[in-house]
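Let's have the full structure, built from the sequences with the hints guiding it.
Chains as they are written, first to last, in full-length UniProt numbering: chain A, 1 to 259; chain S, 1 to 383.
Simulated from the structure, these hints should not be mistaken for lab results.
For each residue, glycine too, the CB sits at the ideal point set by N, CA and C.
Keep in mind that a hint or two might mislead.
Computed cross-link-like contacts, SDA-like style, restricted to lysine to any residue with a CA-CA straight-line distance of at most 25 Å [to be verified]: (1) S/Lys189 - S/Trp273; (2) A/Lys116 - S/Trp273; (3) A/Lys248 - A/Gly225; (4) S/Lys272 - A/Thr82; (5) A/Lys167 - S/Leu261; (6) A/Lys228 - A/Val7; (7) A/Lys145 - S/Pro282; (8) A/Lys30 - A/Thr240; (9) A/Lys30 - A/Glu194; (10) A/Lys8 - A/Glu237; (11) A/Lys145 - S/Gly287; (12) A/Lys8 - A/Ala29; (13) S/Lys278 - A/Thr240; (14) A/Lys116 - S/Arg274; (15) A/Lys167 - S/Arg274; (16) A/Lys116 - S/Arg271; (17) A/Lys145 - S/Leu29; (18) S/Lys189 - A/Tyr74; (19) S/Lys278 - A/Gln86; (20) S/Lys272 - S/Val176; (21) S/Lys272 - A/Val81; (22) S/Lys255 - A/Val56; (23) A/Lys145 - S/Leu261.
If we take Cβ atoms under 7 Å as the criterion, some of the chain S residues that face chain A in the derived model are [unchecked claim]: (24) Glu146; (25) Lys189; (26) Arg274.
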Amino acid sequence: MSKRIDVKDLNVYYTNFLAVEDVNIEIEAKSVTAFIGPSGCGKSTFLRTLNRMHEVIPGGRVEGEVLLDGDNLYESGVDPVTVRSQIGMVFQRPNPFPTMSIKDNVLAGVKLNNKKISRSDADALVEKSLRGANLWNEVKDRLDKPGSGLSGGQQQRLCIARTIAVKPQVILMDEPCSALDPISTLAIEDLINELKNEFTVVIVTHNMQQAARVSDKTAFFNIAGTGKPGKLIEYAETATIFSNPGVKATEDYVSGRFG
Amino acid sequence: MNTLTTNKLPKNPRQQPGRPPVARKRNALSKGHLPRWALPGIAVGSLILGAAGSTLGGFSVVTFAIYTAIIFVVASSTITTLVEGARRGKNALATHLVYAAFLLALIPLASVLYTVLEKGLPGINTHFLFHSMNGITGATDNASVEDGTPVLGGAYHAVIGTLLITLWSSLISVPVGMLTAIYLVEYGKNGPLARGITFFVDVMTGIPSIVAGLFATALFAVLMGPTARMGIVAAVALSVLMIPTVVRSTEEMLKIVPNELREAAYALGVRKWRTIAKVVIPTAISGIASGVTLAIARVIGETAPILVTAGLANNINVNVFGNWMATLPTFIYYQILTPTSPTNVDPSIQRAWAAALLLIVMVMVLNLGARLIASLFAPKKGR
Ligand SMILES: Nc1ncnc2c1ncn2[C@@H]1O[C@H](COP(=O)(O)OP(=O)(O)OP(=O)(O)O)[C@@H](O)[C@H]1O
Ligand SMILES: [Mg+2]
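Structure below.
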């Protein structure tokens with residue numbers, strides 16, 4: 001139930017602005033990979049190319065290959081909708097659907113696609129996904145209440161539940177904890193550790209400790225200056241990146257001596 | 001102002017019972033404070049002065065209201081300035097000016113409602129509501145005036161006509177308008193086509209209603225011969241007026257749906273059109289519903305385009321695809337302009353006011369309906 005991702009010579013553009021240049025990276029199945037780097041270096045941009053969300057932005061385009069278990073996402077004839085149903089995404093700000101109840105939010109991937117699902121299957125899926133997102137005990141008595149009535153941390157876990165309910169191969173997370181308190185953050189970090197058993201997880205974070213705590217491998221992105229493209233500087237085991245990085249810039253960044 | 005800060009403080013209302021009132025030092029942060037009865041007192045004073053002032057030049061309600069308002073605004077802000085300081089004085093002035101503007105805006109509304117109720121209510125009865133003008137002639141009106149019997153003839157046919165024509169024009173313009181707005185916001189990407197559409201929608205907004213009526217007449221004259229007058233022609237004329245309003249309001253509502261919701265749906269592997277149909281529109285539906293109602297309310301009272309497209313009828317016609325039709329506005333227009341009995345105009349005038357009342361009630365029901373729809377569909381809040 002999880003696939004690996006290999007990126008080859010990827011350039012990412014906003015219209016004519018080259019935002020990320022020449023990324024090569026291999027992401028193992030059933031692992032957690034963290035992307036770190038200074039603001040504006042293109043982490044979000046690159047992450048969104050992994051499930052073809054980048055092209056949703058007007059002018060967004062990509063050169064190069066992203067292989068999901070060997071299949072190129074960007075080959076002509078590939079439907080981005082299929083790609084996105086295999087590679088889910090959790091956003092920086094929790095964004096539950098305001099018109100839907102908690103339960104419908106979890107079932108959104110099924111219901112919005114008009115897939116038929118029996119009542120008992122739906123209930124089972126809701127419970128399994130909410131348990132998977134560590135949210136079941138908090139919301140089991142109010143599944144029919146609107147999702148926007150939850151706290152920020154609960155909403156974010158609801159969004160994670162919604163993502164795992166469509167059973168993707170890979171889950172991408174863009175700073176999922178940046179709007180959350182330390183306790184909710186810990187809950188989500190624990191959750192990521194569990195998700196790793198079933199999914200391939202890629203997470204963007206500004207929090208070094210978080211990267212160190214949750215990830216197996218870490219990729220450091222950097223940017224030479226404003227207007228220059230972001231680049232992948234170093235990609236290695238998390239322990240190596242934090243204790244014995246191969247590049248000076250990485251060492252400066254992780255030790256806080258950046259800039 | 002500092003001479004005034006020594007004004008006596010009102011007794012502390014929150015003083016706890018049982019505790020002896022200590023001689024308390026004046027709070028250095030507070031200024032003088034008007035007692036609670038001050039404003040009502042000033043209001044009563046200005047009422048009296050206003051009444052006195054307006055009797056000087058022959059009493060009239062209008063001068064009375066204007067004098068009272070001016071005296072009250074000036075007096076209250078001056079007194080507040082003197083007692084509480086300049087900032088509070090300005091605040092009082094602005095507040096009372098806003099209230100005055102609000103009341104001023106309310107006067108025409110209240111007066112219209114009052115007049116229509118006063119003149120329309122006597123004409124409202126089941127006979128009026130459920131009978132047409134079929135067979136009502138000048139002789140009938142003359143007879144009812146001379147014998148003092150109730151006025152015969154009603155607006156049933158006009159109510160039916162109004163409902164049918166408005167329904168058909170909504171059936172035409174709501175889908176067209178909403179789809180246009182969806183194209184503009186979700187697909188157009190501000191390209192040349194989208195900009196062209198926006199431009200022409202803006203132009204359409206300014207079309208005078210009689211021109212829309214002539215357009216529809218001309219269109220059907222080409223299609224079906226020069227004498228084509230029927231409900232659907234009127235509905236087409238009204239849609240020309242409705243479509244720009246529907247497009248504009250739907251567009252605004254779709255634009256404020258946050259992009260994050262669209263992206264959330266895409267990231268779940270939902271197709272774009274399903275995202276629009278099931279996430280974007282439901283999120284915006286309450287605003288769209290009130291926009292559509294406003295558009296309907298705008299056209300339901302149109303007279304000129306109806307006259308040139310649907311003609312006028314005295315009998316009930318439920319077929320918008322054949323024969324002439326009456327609506328409430330054209331009914332009113334004809335009752336006033338060409339009374340059924342030229343010698344006894346009172347029955348016609350009574351029918352006209354009753355029809356006007358019906359029209360207002362219909363618009364109000366429509367507005368309430370829109371609010372209901374809006375609150376039913378509104379994004380749910382709370383736990
Ligand atoms: N919609 C857009 N249109 C044009 N340029 C954009 C757009 N979004 C981002 N960029 C540019 O692309 C570059 C990378 O932005 P990106 O959001 O990927 O950075 P990031 O590493 O995620 O930063 P942060 O850590 O602050 O989230 C920046 O120079 C940014 O200005
Ligand atoms: Mg980012």
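Now for the hints, and whether the structure bears them out:
Note on S/Lys189 and S/Trp273: the hinted pairing holds, with a Cα-Cα distance of about 15 Å set against a maximum of 25 Å. Between A/Lys116 and S/Trp273 the CA atoms are separated by roughly 19 Å; this keeps the pair inside 25 Å, and the hint holds. Restraint check for A/Lys248 and A/Gly225: the C-alpha separation of about 17 Å stays at or below 25 Å, so the hint holds. Taking the CA atoms of S/Lys272 and A/Thr82, the gap is about 13 Å. The hint holds against a cut of 25 Å.
Taken as a hint, the A/Lys167 and S/Leu261 pair is honoured in the structure, with Cα atoms around 20 Å apart against an allowance of 25 Å. The hinted pair formed by A/Lys228 and A/Val7 meets the criterion: a straight-line CA distance of about 21 Å does not exceed 25 Å. A hinted pair counts as satisfied when its Cα atoms are at most 25 Å apart, and A/Lys145 with S/Pro282 qualifies at roughly 17 Å. At roughly 20 Å between alpha-carbon atoms, A/Lys30 and A/Thr240 fall within 25 Å of each other, so this suggested pair holds.
Annotation: proposed proximity of A/Lys30 to A/Glu194 holds, straight-line Cα distance about 10 Å (limit 25 Å). Distance check on the hinted pair: A/Lys8 and A/Glu237 sit about 20 Å apart at the alpha-carbon level, within 25 Å; holds. Taking the CA atoms of A/Lys145 and S/Gly287, the gap is near 22 Å; set against the 25 Å cutoff, the hint holds. At most 25 Å may separate the alpha-carbon atoms for a hinted pair to count; A/Lys8 and A/Ala29 meet this at roughly 17 Å.
Taken as a hint, the S/Lys278 and A/Thr240 pair is broken in the structure, with Cα atoms around 47 Å apart against an allowance of 25 Å. Among the hinted pairs, A/Lys116 with S/Arg274 is consistent with the structure: their alpha-carbon atoms are about 15 Å apart, no more than 25 Å. For the hint linking A/Lys167 to S/Arg274, the alpha-carbon distance of about 20 Å falls within 25 Å, and the restraint holds. Under the criterion of a C-alpha separation no larger than 25 Å, the hint pairing A/Lys116 with S/Arg271 is consistent with the structure, at around 16 Å.
The hinted pair formed by A/Lys145 and S/Leu29 fails the criterion: a straight-line CA distance of about 46 Å is larger than 25 Å. A C-alpha spacing of about 23 Å is found between S/Lys189 and A/Tyr74, which places the hinted pair at or below 25 Å, so the restraint holds. For the hint pairing S/Lys278 with A/Gln86, the CA-to-CA distance comes to about 21 Å; that is within 25 Å, so the pair holds. This hinted pair checks out: S/Lys272 and S/Val176 have alpha carbons roughly 20 Å apart, not beyond 25 Å.
Taking the CA atoms of S/Lys272 and A/Val81, the gap is near 9 Å; set against the 25 Å cutoff, the hint holds. This hinted pair checks out: S/Lys255 and A/Val56 have alpha carbons roughly 16 Å apart, not beyond 25 Å. Our distance criterion of 25 Å between C-alpha atoms is met by A/Lys145 and S/Leu261, whose separation comes to about 19 Å. Interface hint status for S/Glu146: violated, as the beta-carbon distance to the closest one in chain A is roughly 63 Å, over 7 Å.
The restraint placing S/Lys189 at the interface with chain A holds, with a minimum CB-CB distance near 6 Å, inside the 7 Å limit. Given hint, S/Arg274 at the interface with chain A, holds; its Cβ is 6 Å from that chain's nearest Cβ, closer than 7 Å.
Hint compliance for this structure: hints 13, 17 and 24 are broken, all remaining hints hold.
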